[in-house]
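Undergrad: In case you want the letters, here they are:
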Amino acid sequence: MKRRVTTYILHSFILATAMMAVACMDGKWETPDMTNPPYGNNNIIETDTQLVTIDSLKQRYKTVISGSSMEKITDDLQLKAIVIGNDLGGNIYKQICIQDSTGAMIVGINGTGLFPLLPVGQEILINLKDLYIGGYGQQAQLGDEYNGSIGRMSTDKWEQHVRILPGFDVAAIDTLDFDISLDKDRYAGYLVRLTNVQVGDADGKTTFAPEYKAGTTLTYNGSTNGYVHHTLGNISMDKLVLRTSTYAKFAELVIPTHPITIYGIATRYRDTWQILIRTEEDIKDN
Amino acid sequence: MKQKLLLAAFLMGLADVAMAQQPQTQTMSETERAAREESASFIFTESQLEEDADAGQEVIQINSSANLYTSNVGYLFSPMRFKYRAFDQKYSDVYMNGVMVNSAENNRFSFSTIGGMNDATRSIDYASPFESNTFGMAALGGSNNYNFRASNYAAGHKVTLSALNRNYTARAMYTFGTGLSQKGWAFFGTVGYRWANMETANVQGTFYNSVAYFLSLQKVFNDKHSLNIATWGNPSERAQQGASTDEAYWLANNYFYNPYWGYQNGKKRNSRVVHAFEPSLLLTWDYKINDNTKLITSAYGKYAMDSRTRLQYNNSENPKPDYWKNFPSYNYDVWGTTDGSNNDLNAWQESYDYWRADMANRQIQWDKLYYANQQMNKVGGDAAYYLLARHNDHLALGLGSTLCWANKRDRKFQIGIQLASNKGMHYQTISDMLGAEYLHNTNNYAVGTYAGSDPRVQYDLNRPNGTVGVGDRFGYDFNIMVQKATLWAQYTREKGISYNFISAKIGGTQMWRDGKMKHGLFADNSYGKSGTARFLDGGFKMGTNLNLGKGHVLGFGVGYMTYAPQAFSSYGGSAFQAPEMNNNFIDGLKVEHMLSAEIAYALNLSWMRMNLTGYFAHGTRMNEWQNYYYDDVNSFTYVSMTGVEKDYYGVELGIRFKVTSAFSIDLIGSMADAKYTKNTDVSYLLSTQGTVTTETLYNKGMREASTPLTVGSIGLNYNVRGWWFNLKGNYYDRIYLSYSPSLRYESTLIRSGKVDNDGSLIIPEQAKGHGGFMLDGSIGHQFRVGGHPLSVNLMATNILNNRKLVSGGFEQSRSNYTTDQSTGEVATTRTYNFQKNPMKFYVQGFNFMLNLNYRF
Numbered sequence: 001m002k003r004r005v006t007t008y009i010l011h012s013f014i015l016a017t018a019m020m021a022v023a024c025m026d027g028k029w030e031t032p033d034m035t036n037p038p039y040g041n042n043n044i045i046e047t048d049t050q051l052v053t054i055d056s057l058k059q060r061y062k063t064v065i066s067g068s069s070m071e072k073i074t075d076d077l078q079l080k081a082i083v084i085g086n087d088l089g090g091n092i093y094k095q096i097c098i099q100d101s102t103g104a105m106i107v108g109i110n111g112t113g114l115f116p117l118l119p120v121g122q123e124i125l126i127n128l129k130d131l132y133i134g135g136y137g138q139q140a141q142l143g144d145e146y147n148g149s150i151g152r153m154s155t156d157k158w159e160q161h162v163r164i165l166p167g168f169d170v171a172a173i174d175t176l177d178f179d180i181s182l183d184k185d186r187y188a189g190y191l192v193r194l195t196n197v198q199v200g201d202a203d204g205k206t207t208f209a210p211e212y213k214a215g216t217t218l219t220y221n222g223s224t225n226g227y228v229h230h231t232l233g234n235i236s237m238d239k240l241v242l243r244t245s246t247y248a249k250f251a252e253l254v255i256p257t258h259p260i261t262i263y264g265i266a267t268r269y270r271d272t273w274q275i276l277i278r279t280e281e282d283i284k285d286n
Numbered sequence: 001m002k003q004k005l006l007l008a009a010f011l012m013g014l015a016d017v018a019m020a021q022q023p024q025t026q027t028m029s030e031t032e033r034a035a036r037e038e039s040a041s042f043i044f045t046e047s048q049l050e051e052d053a054d055a056g057q058e059v060i061q062i063n064s065s066a067n068l069y070t071s072n073v074g075y076l077f078s079p080m081r082f083k084y085r086a087f088d089q090k091y092s093d094v095y096m097n098g099v100m101v102n103s104a105e106n107n108r109f110s111f112s113t114i115g116g117m118n119d120a121t122r123s124i125d126y127a128s129p130f131e132s133n134t135f136g137m138a139a140l141g142g143s144n145n146y147n148f149r150a151s152n153y154a155a156g157h158k159v160t161l162s163a164l165n166r167n168y169t170a171r172a173m174y175t176f177g178t179g180l181s182q183k184g185w186a187f188f189g190t191v192g193y194r195w196a197n198m199e200t201a202n203v204q205g206t207f208y209n210s211v212a213y214f215l216s217l218q219k220v221f222n223d224k225h226s227l228n229i230a231t232w233g234n235p236s237e238r239a240q241q242g243a244s245t246d247e248a249y250w251l252a253n254n255y256f257y258n259p260y261w262g263y264q265n266g267k268k269r270n271s272r273v274v275h276a277f278e279p280s281l282l283l284t285w286d287y288k289i290n291d292n293t294k295l296i297t298s299a300y301g302k303y304a305m306d307s308r309t310r311l312q313y314n315n316s317e318n319p320k321p322d323y324w325k326n327f328p329s330y331n332y333d334v335w336g337t338t339d340g341s342n343n344d345l346n347a348w349q350e351s352y353d354y355w356r357a358d359m360a361n362r363q364i365q366w367d368k369l370y371y372a373n374q375q376m377n378k379v380g381g382d383a384a385y386y387l388l389a390r391h392n393d394h395l396a397l398g399l400g401s402t403l404c405w406a407n408k409r410d411r412k413f414q415i416g417i418q419l420a421s422n423k424g425m426h427y428q429t430i431s432d433m434l435g436a437e438y439l440h441n442t443n444n445y446a447v448g449t450y451a452g453s454d455p456r457v458q459y460d461l462n463r464p465n466g467t468v469g470v471g472d473r474f475g476y477d478f479n480i481m482v483q484k485a486t487l488w489a490q491y492t493r494e495k496g497i498s499y500n501f502i503s504a505k506i507g508g509t510q511m512w513r514d515g516k517m518k519h520g521l522f523a524d525n526s527y528g529k530s531g532t533a534r535f536l537d538g539g540f541k542m543g544t545n546l547n548l549g550k551g552h553v554l555g556f557g558v559g560y561m562t563y564a565p566q567a568f569s570s571y572g573g574s575a576f577q578a579p580e581m582n583n584n585f586i587d588g589l590k591v592e593h594m595l596s597a598e599i600a601y602a603l604n605l606s607w608m609r610m611n612l613t614g615y616f617a618h619g620t621r622m623n624e625w626q627n628y629y630y631d632d633v634n635s636f637t638y639v640s641m642t643g644v645e646k647d648y649y650g651v652e653l654g655i656r657f658k659v660t661s662a663f664s665i666d667l668i669g670s671m672a673d674a675k676y677t678k679n680t681d682v683s684y685l686l687s688t689q690g691t692v693t694t695e696t697l698y699n700k701g702m703r704e705a706s707t708p709l710t711v712g713s714i715g716l717n718y719n720v721r722g723w724w725f726n727l728k729g730n731y732y733d734r735i736y737l738s739y740s741p742s743l744r745y746e747s748t749l750i751r752s753g754k755v756d757n758d759g760s761l762i763i764p765e766q767a768k769g770h771g772g773f774m775l776d777g778s779i780g781h782q783f784r785v786g787g788h789p790l791s792v793n794l795m796a797t798n799i800l801n802n803r804k805l806v807s808g809g810f811e812q813s814r815s816n817y818t819t820d821q822s823t824g825e826v827a828t829t830r831t832y833n834f835q836k837n838p839m840k841f842y843v844q845g846f847n848f849m850l851n852l853n854y855r856f
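The listed protein sequences correspond, in order, to chains A and B.
According to our numbering, the first sequence is numbered sequentially starting from 1.
According to our numbering, the second sequence is numbered sequentially starting from 1.
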């Protein structure tokens with residue numbers, strides 16, 4: 001009897017061990033093949049006859065851009081550009097900024113979390129047909145029609161019109177040294193560098209974009225609406241501002257009291273340059 | 001021979017300790033009982049159960065064989081996840097050989113830890129809330145005591161094979177027992193395997209893979225002493241199902257749409273995989289001191305490992321396929337609750353077409369997440385998406401010792417102690433980087449409130465800016481220690497027509513947190529040990545049954561109990577304000593008080609049996625705790641509610657008409673209510689800032705959720721020549737979904753304009769699920785094959801395939817507007833309406849289980 005019991009115990013342990021050795025079902029997962037990126041439209045074929053540059057596109061739609069209106073692109077046109085700005089830092093919102101060797105512009109996309117899909121340095125091909133082009137405060141922008149002016153396109157539409165190209169090179173982005181006298185029609189939207197510049201309101205406590213509080217002396221875009229403007233150097237705010245969202249990841253970074261170097265996207269709102277810092281990394285001590 | 005007699009006497013002595021205050025009548029056929037238990041343990045637990053805090057479901061194993069209602073409801077209404085008296089599971093106590101095994105940390109017992117070992121867990125001594133018993137004071141929601149002694153199991157072998165279309169599709173079990181040998185040895189063992197893969201599982205994108213073992217060895221030394229050792233475990237891996245909105249079910253054209261899975265490289269992958277293994281050990285010493293007195297002592301230990309994966313996004317877009325922004329109704333207000341100025345019908349159509357075009361579109365797009373991470377690798381950025389695992393590991397130890405005294409006639413007395421200690425280890429690890437190379441242990445939710453270089457955004461100041469990879473702990477890491485000691489006693493006496501009992505207990509609980517990370521927002525009180533909180537609890541219960549003769553029995557019971565707060569439960573409930581962040585206890589944490597009473601009437605006639613029970617319970621100073629994203633403050637919040645008061649009351653009816661010796665009709669039903677009786681103090685801690693806000697939560701009138709408060713059943717049972725058939729028509733109604741506190745904060749109500757002309761606040765109605773009718777049936781027979789019994793039974797649930805029944809769910813806690821953080825006022829109105837889109841679970845459609853078991 002004792003032997004039988006021992007045998008049972010032995011058998012059951014063997015059985016239990018064997019069953020526990022049953023393979024995991026949720027095993028190792030391999031990284032998917034990215035030859036054809038799972039984002040964007042891989043059916044867009046680069047066609048030389050359709051390719052235009054940003055500058056030539058802006059020239060073609062010069063009137064709608066400068067008139068802050070919009071128009072649907074009906075021709076088979078393609079644009080090849082590099083992403084120079086996105087929403088990684090939370091300051092650029094529902095937009096990406098693109099640039100090629102001739103110019104730069106904004107693409108309005110009604111989505112957040114675009115940065116990992118379209119990181120800075122990514123080369124993309126855009127099928128322009130059926131997209132809208134226009135000017136928002138004369139800033140050239142691609143997107144969709146929204147209440148009669150240029151707005152953002154849906155993420156689905158964007159994904160149908162963009163192809164991710166193999167090219168990826170952050171270093172290839174041409175960074176322009178900012179000068180107040182730069183031609184806005186040509187250079188608005190560029191990645192720029194402002195060297196040795198003092199940001200306004202620097203008192204050792206004020207941050208780049210604190211939440212609005214009644215009685216503040218800071219300049220908010222509108223009353224309480226999410227953007228704080230600071231001067232850069234001695235230039236008046238109607239010509240140049242540093243524009244920062246209170247939702248920016250670096251919004252609560254204290255403004256240095258000494259001159260610094262700033263990288264950012266030089267957008268325009270009519271005759272005013274608005275510098276948008278992309279991430280905290282764009283703020284460098286001299 | 002003499003020895004055998006002694007052993008038999010010993011075992012009978014033990015058995016005689018078990019008692020019931022009402023006569024037991026009409027036992028089920030063994031096949032039927034087995035079938036019920038098989039079925040019940042299937043429907044309970046598993047993928048829909050023990051979900052996130054909001055979807056948390058409970059299993060109540062109430063089953064006092066003396067009462068027709070309580071012995072039937074657990075099994076009968078399990079497809080709708082019926083909760084007995086709508087009580088939380090923490091009010092039910094589970095014992096094993098006399099030692100209490102509810103977790104000292106959260107006061108609950110997880111029935112899934114004994115799944116797949118059905119033959120081992122069949123012997124249970126139940127006690128309904130006002131029923132005396134031998135193992136402990138009966139709990140508010142009932143108690144049960146498993147008998148795991150090897151000699152308790154029948155000798156022989158048994159093989160069980162099952163095929164079904166529920167959470168798993170196949171099961172095999174092998175059981176063997178020796179019975180008690182002449183030399184006093186007994187051994188029992190069972191092993192089982194439950195399985196479903198993604199192709200066979202009833203719920204899309206899930207799988208099930210679980211081995212179970214149970215071994216018990218007993219040595220009866222003489223007529224006084226016996227020792228038993230039992231060990232069990234069920235290493236399991238299973239993929240989960242998520243709740244979603246009616247819009248998603250409609251778009252997917254599937255009431256079992258599951259947002260948790262998607263395709264990776266063309267293969268189905270689920271983002272929520274549970275890995276659990278809780279090896280347990282139980283040592284029992286039975287000591288028969290003399291003919292009237294016994295001492296039963298058990299020591300229990302387990303090391304539990306439980307991890308649950310989930311997809312996390314880091315500053316990027318939420319990858320949930322049923323994220324609100326992905327729905328057609330994000331673009332067009334289909335409810336007409338806004339002014340419609342943001343309506344975009346084209347976008348609605350585009351989104352609709354996208355959902356409908358391809359199943360892959362409405363599931364997780366894993367390839368895209370890998371793509372995003374590879375892009376981040378190129379710029380040296382942190383992972384945009386990763387799979388994390390939330391771990392809740394436990395080292396639990398318990399000791400229970402009960403001295404039972406009984407004179408041979410009318411009096412019984414028990415006194416016992418229960419000691420428990422639990423070390424809960426709660427931490428988060430990276431389960432899969434999804435192709436990403438980098439991730440930092442920083443609190444990205446706080447970045448923005450603070451600059452990225454601010455130390456307050458660090459999850460662990462002891463390792464600032466630490467990078468983490470697969471298997472590394474990040475985000476939070478803390479232990480919760482709980483120690484409990486309880487002394488209880490019970491006295492029962494029969495006198496004349498009355499059977500009376502009184503029981504009481506007193507206990508002490510102490511708990512503390514031991515933080516393993518120094519959280520940036522709580523640098524001074526997150527690392528190392530917190531203070532120790534101590535609570536004294538206890539109470540009494542008494543009851544009487546009057547045998548009025550001619551089959552009439554009248555019973556009364558009343559009790560007053562206090563309960564120390566739950567230390568921490570990953571399903572909601574905590575004595576700590578934000579245990580993932582700091583060492584603080586909740587302000588105003590108190591011992592909960594509960595008054596309960598019951599009046600019962602039973603009638604036993606030759607042709608009819610009836611139980612009619614009315615009950616009432618009133619809880620005060622209760623504590624509740626949850627966490628969720630609160631839109632209006634743009635932050636994840638840890639929410640504690642104190643001073644909660646609730647009423648539970650209802651009537652329960654069970655009738656069995658014995659029409660012929662072979663045919664009976666059952667009527668089972670209850671009407672219950674379980675609701676908050678006063679508004680509650682709420683305070684919430686913002687995970688982005690560490691600040692705490694206190695205000696009033698208008699939750700008066702909210703009801704216990706995810707259980708039908710009205711149930712009714714008519715059952716037909718027919719037994720003939722070893723065959724049995726039954727057919728049950730069950731009706732369910734008043735199914736509430738978990739209310740969302742944030743919608744009912746005073747500040748939210750004012751902000752969203754829910755104020756009438758008199759200045760009174762308008763409290764949103766609690767969301768409800770659809771009730772309805774379900775038809776279940778079963779058929780069984782015992783054959784003899786090769787001289788041994790072969791039982792076959794087929795159980796079919798929801799035969800009419802009623803898919804519209806909601807078994808549970810929760811309101812979405814998000815707001816239909818955005819809030820201006822500087823003024824606290826509504827900034828913009830959203831087109832999407834969260835309150836019109838609660839998250840729901842629907843019942844399974846037609847499902848079955850075919851069960852064969854063969855004894856030899």
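Some hints here could point you the wrong way.
[Said to hold, decoys possible] Calculated pairs, DSS-like style, for lysine-lysine (alpha carbon to alpha carbon, straight line, at most 30 Å):
hint, chain 1, residue 1, chain 2, residue 2
1, A, Lys157, B, Lys590
2, B, Lys675, B, Lys768
3, A, Lys28, B, Lys378
4, B, Lys754, A, Lys157
5, A, Lys213, B, Lys836
6, A, Lys94, B, Lys320
7, A, Lys157, B, Lys516
8, B, Lys675, A, Lys94
9, B, Lys700, A, Lys28
10, B, Lys268, B, Lys183
11, B, Lys325, B, Lys658
12, A, Lys94, B, Lys768
No wet-lab data here; the hints were simulated from the structure.
Undergrad: None of the hints should be skipped; say for each whether it holds.
TA: Hint check:
{"no.": "1", "hint": "A:Lys157 to B:Lys590", "in the structure": "56 Å, violated"}
{"no.": "2", "hint": "B:Lys675 to B:Lys768", "in the structure": "14 Å, holds"}
{"no.": "3", "hint": "A:Lys28 to B:Lys378", "in the structure": "24 Å, holds"}
{"no.": "4", "hint": "B:Lys754 to A:Lys157", "in the structure": "38 Å, violated"}
{"no.": "5", "hint": "A:Lys213 to B:Lys836", "in the structure": "34 Å, violated"}
{"no.": "6", "hint": "A:Lys94 to B:Lys320", "in the structure": "19 Å, holds"}
{"no.": "7", "hint": "A:Lys157 to B:Lys516", "in the structure": "47 Å, violated"}
{"no.": "8", "hint": "B:Lys675 to A:Lys94", "in the structure": "44 Å, violated"}
{"no.": "9", "hint": "B:Lys700 to A:Lys28", "in the structure": "49 Å, violated"}
{"no.": "10", "hint": "B:Lys268 to B:Lys183", "in the structure": "55 Å, violated"}
{"no.": "11", "hint": "B:Lys325 to B:Lys658", "in the structure": "58 Å, violated"}
{"no.": "12", "hint": "A:Lys94 to B:Lys768", "in the structure": "37 Å, violated"}
Hints 1, 4, 5, 7, 8, 9, 10, 11, 12, counting from the list given before, are not met by this structure.
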